[in-house]
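Protein chains: 2
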Amino acid sequence: MEEVKALIRDIPDFPKPGIIFKDITPVLSNGKVFKKLTDRLRDRYQDKKIDVVLGIEARGFIFGASLAYALGAGLAIVRKPGKLPYQTFQESYELEYGVDSIEIHKDAILEGQRILIIDDVLATGGTASAAVKLVRNNFQVDIVETVFLIELCFLNGKEKLGDTDVFSLITY
Amino acid sequence: MEEVKALIRDIPDFPKPGIIFKDITPVLSNGKVFKKLTDRLRDRYQDKKIDVVLGIEARGFIFGASLAYALGAGLAIVRKPGKLPYQTFQESYELEYGVDSIEIHKDAILEGQRILIIDDVLATGGTASAAVKLVRNNFQVDIVETVFLIELCFLNGKEKLGDTDVFSLITY
Chain A
1 MEEVKALIRD IPDFPKPGII FKDITPVLSN GKVFKKLTDR LRDRYQDKKI
51 DVVLGIEARG FIFGASLAYA LGAGLAIVRK PGKLPYQTFQ ESYELEYGVD
101 SIEIHKDAIL EGQRILIIDD VLATGGTASA AVKLVRNNFQ VDIVETVFLI
151 ELCFLNGKEK LGDTDVFSLI TY
Chain B
1001 MEEVKALIRD IPDFPKPGII FKDITPVLSN GKVFKKLTDR LRDRYQDKKI
1051 DVVLGIEARG FIFGASLAYA LGAGLAIVRK PGKLPYQTFQ ESYELEYGVD
1101 SIEIHKDAIL EGQRILIIDD VLATGGTASA AVKLVRNNFQ VDIVETVFLI
1151 ELCFLNGKEK LGDTDVFSLI TY
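Protein chains in written order, with my numbering: chain A, 1 to 172; chain B, 1001 to 1172.
None of these hints come from the bench; they were simulated from the model. From a predicted model like this one, the values you see are computed outputs, not experimental measurements. Among these hints, one or two may not hold up.
Which residues of chain B face chain A? A few of them, derived with a C-beta cut under 8 Å, are [unchecked claim]: (1) E1057; (2) A1070; (3) A1073; (4) Y1086.
Residues of chain B clear of chain A, computed beta-carbon distances all greater than 12 Å [to be verified]: (5) D1010; (6) P1015; (7) G1031; (8) R1079; (9) E1096; (10) G1126; (11) N1137; (12) Q1140; (13) I1143; (14) N1156; (15) D1165; (16) I1170.
Subject to a maximum C-alpha distance of 25 Å in a straight line, what follows is the list of computed SDA-like cross-link-like pairs (lysine to any residue) [unchecked claim]: (17) A:K80 / A:E111; (18) A:K160 / A:V144; (19) B:K1032 / A:Q87; (20) B:K1083 / A:S92; (21) B:K1005 / B:I1150; (22) A:K133 / A:G112; (23) A:K158 / A:T171; (24) B:K1080 / A:D23; (25) A:K35 / B:R1114; (26) A:K22 / B:D1107; (27) B:K1106 / A:V33; (28) A:K36 / B:G1031; (29) B:K1083 / A:R79; (30) B:K1032 / A:G72; (31) A:K5 / A:R40; (32) B:K1083 / A:P12.
Yeah, the Cβ is synthetic: ideal placement off N, Cα and C, and Gly gets one too.
From just these sequences and the hints, can you work out the full model?
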């Protein structure tokens, strides 16, 4: 996945001073590379009987949607509070300063389904671990793996995901 | 597309009293139907030499990503202000009360490319017409069509899109 890595752009001081943001939009703009990375994920999961790919707002929707389509699976979406119109389950998680939460529709996943959770970047793991808890606390399903385009290993986000299997296409 | 229509759920009074929200999440959850609707769009555009699909935040990312992958095209994203990390072009549009705006990265599209703009719902057309202007005012490209999963015809959003070709899978 060197072609993907070559297109990822560092943006210093975004969204706040001291943070170097990994901008994946140049990867998306390149149709060939976007197809290749989606195919790479499809190849990894096509024999894993994935029923639903769970995409985390908002860039997780992008990789989740293309992968769900490639696998013939459904797509469930996890959003910030107030965005989902139907009945939801909620999970809160701590930020550096304060608390945030995420929601999922109560009927987004069915009992017994095999789920793949996806997001663009694994950083501190706050959102991803909340998504895992959101699924585990409310649905009788099997989380096959949690997958990221990018993992920032020095932030140890993987530790927050406990015994959930984690796969990252690119690591820093 | 009767199978798609059968899965769309009406949510009364969301996001505010008096509005009936068209909830498309049950369409996404159903892998077979999600695949079928993406295939339908792929069939429509596969001979149109689309270079980039432009998805409007946030549900436009979903249909944009699966379609871009199906076509082997790139995906460009249009977001609310402050979300995109790199240099942007901006376009403002009027809401019922006040003004909102959308942004695109300055390098999201290249000169001469053939663009397809996509979102989930065409309602009053405010966001979609702003997206068309955002592209036309800043890039020398060809907008092949603006495509929606759902068009709420009684809101006349199509009029705001002027001479841009519009295609909607489902109309109400």
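Evaluation of the provided hints:
1. For the restraint placing E1057 of chain B at the interface with chain A, the shortest Cβ-Cβ distance is roughly 7 Å, inside the 8 Å limit, so the hint holds.
2. With 8 Å as the threshold, the beta carbon of A1070 of chain B comes within range of chain A, its nearest partner Cβ sitting at about 7 Å, so the hint holds.
3. For the restraint placing A1073 of chain B at the interface with chain A, the shortest Cβ-Cβ distance is roughly 5 Å, inside the 8 Å limit, so the hint holds.
4. Among the interface hints, the one on Y1086 of chain B holds; its C-beta lies about 6 Å from the nearest C-beta in chain A, closer than the 8 Å criterion.
5. The beta carbon of D1010 of chain B is not kept farther than 12 Å from every beta carbon of chain A, the shortest such distance being approximately 10 Å.
6. Consistency note on P1015 of chain B: stated as away from chain A, yet its beta-carbon is not over 12 Å from all of that chain's, at 8 Å minimum.
7. With a cut of 12 Å on Cβ distances, G1031 of chain B falls inside the contact zone with chain A, its closest approach being about 4 Å.
8. Not every C-beta of chain A lies more than 12 Å from that of R1079 of chain B, the closest at about 8 Å, which undercuts listing it as non-interface.
9. Residue-level check passed: E1096 of chain B sits 18 Å from the nearest beta carbon of chain A, beyond 12 Å.
10. Even its closest Cβ contact with chain A, about 18 Å, leaves G1126 of chain B beyond 12 Å, as expected for a residue assigned away from the interface.
11. Residue placement check: N1137 of chain B keeps its beta carbon more than 12 Å from all beta carbons of chain A (closest about 19 Å).
12. No Cβ of chain A comes within 12 Å of the Cβ of Q1140 of chain B; the nearest lies about 16 Å off, and the non-interface call holds.
13. Consistency note on I1143 of chain B: stated as away from chain A, and its beta-carbon is indeed over 12 Å from all of that chain's, at 16 Å minimum.
14. The beta carbon of N1156 of chain B sits about 23 Å from the closest Cβ of chain A, which is more than 12 Å, so the claim that it is off the interface holds.
15. No Cβ of chain A approaches the Cβ of D1165 of chain B within 12 Å, the least distance being about 22 Å, so the stated non-interface status holds.
16. The beta carbon of I1170 of chain B sits about 17 Å from the closest Cβ of chain A, which is more than 12 Å, so the claim that it is off the interface holds.
17. With a CA separation close to 23 Å, the supplied pair K80 of chain A and E111 of chain A stays within the 25 Å bound.
18. Taking the CA atoms of K160 of chain A and V144 of chain A, the gap is near 17 Å; set against the 25 Å cutoff, the hint holds.
19. The straight-line distance between the Cα atoms of K1032 of chain B and Q87 of chain A is roughly 24 Å, inside the 25 Å bound, and the hint therefore holds.
20. A hinted pair counts as satisfied when its Cα atoms are at most 25 Å apart, and K1083 of chain B with S92 of chain A qualifies at roughly 22 Å.
21. Only pairs whose Cα atoms come within 25 Å are accepted, and K1005 of chain B paired with I1150 of chain B is accepted, the gap being roughly 9 Å.
22. Between K133 of chain A and G112 of chain A the CA atoms are separated by roughly 17 Å; this keeps the pair inside 25 Å, and the hint holds.
23. Our distance criterion of 25 Å between C-alpha atoms is met by K158 of chain A and T171 of chain A, whose separation comes to about 12 Å.
24. This hinted pair checks out: K1080 of chain B and D23 of chain A have alpha carbons roughly 16 Å apart, not beyond 25 Å.
25. For the hint pairing K35 of chain A with R1114 of chain B, the CA-to-CA distance comes to about 18 Å; that is within 25 Å, so the pair holds.
26. Pair hint K22 of chain A plus D1107 of chain B holds up; C-alpha atoms about 16 Å apart against a cutoff of 25 Å.
27. Restraint check for K1106 of chain B and V33 of chain A: the C-alpha separation of about 20 Å stays at or below 25 Å, so the hint holds.
28. With a C-alpha separation of about 21 Å, the suggested pairing of K36 of chain A with G1031 of chain B holds against the 25 Å cut-off.
29. Taken as a hint, the K1083 of chain B and R79 of chain A pair is honoured in the structure, with Cα atoms around 15 Å apart against an allowance of 25 Å.
30. The suggested pairing of K1032 of chain B with G72 of chain A holds, with an alpha-carbon distance near 6 Å, which does not exceed 25 Å.
31. Among the hinted pairs, K5 of chain A with R40 of chain A is consistent with the structure: their alpha-carbon atoms are about 14 Å apart, no more than 25 Å.
32. Restraint check: the Cα-Cα separation between K1083 of chain B and P12 of chain A comes to about 14 Å, which is no more than 25 Å; the hinted pair holds.
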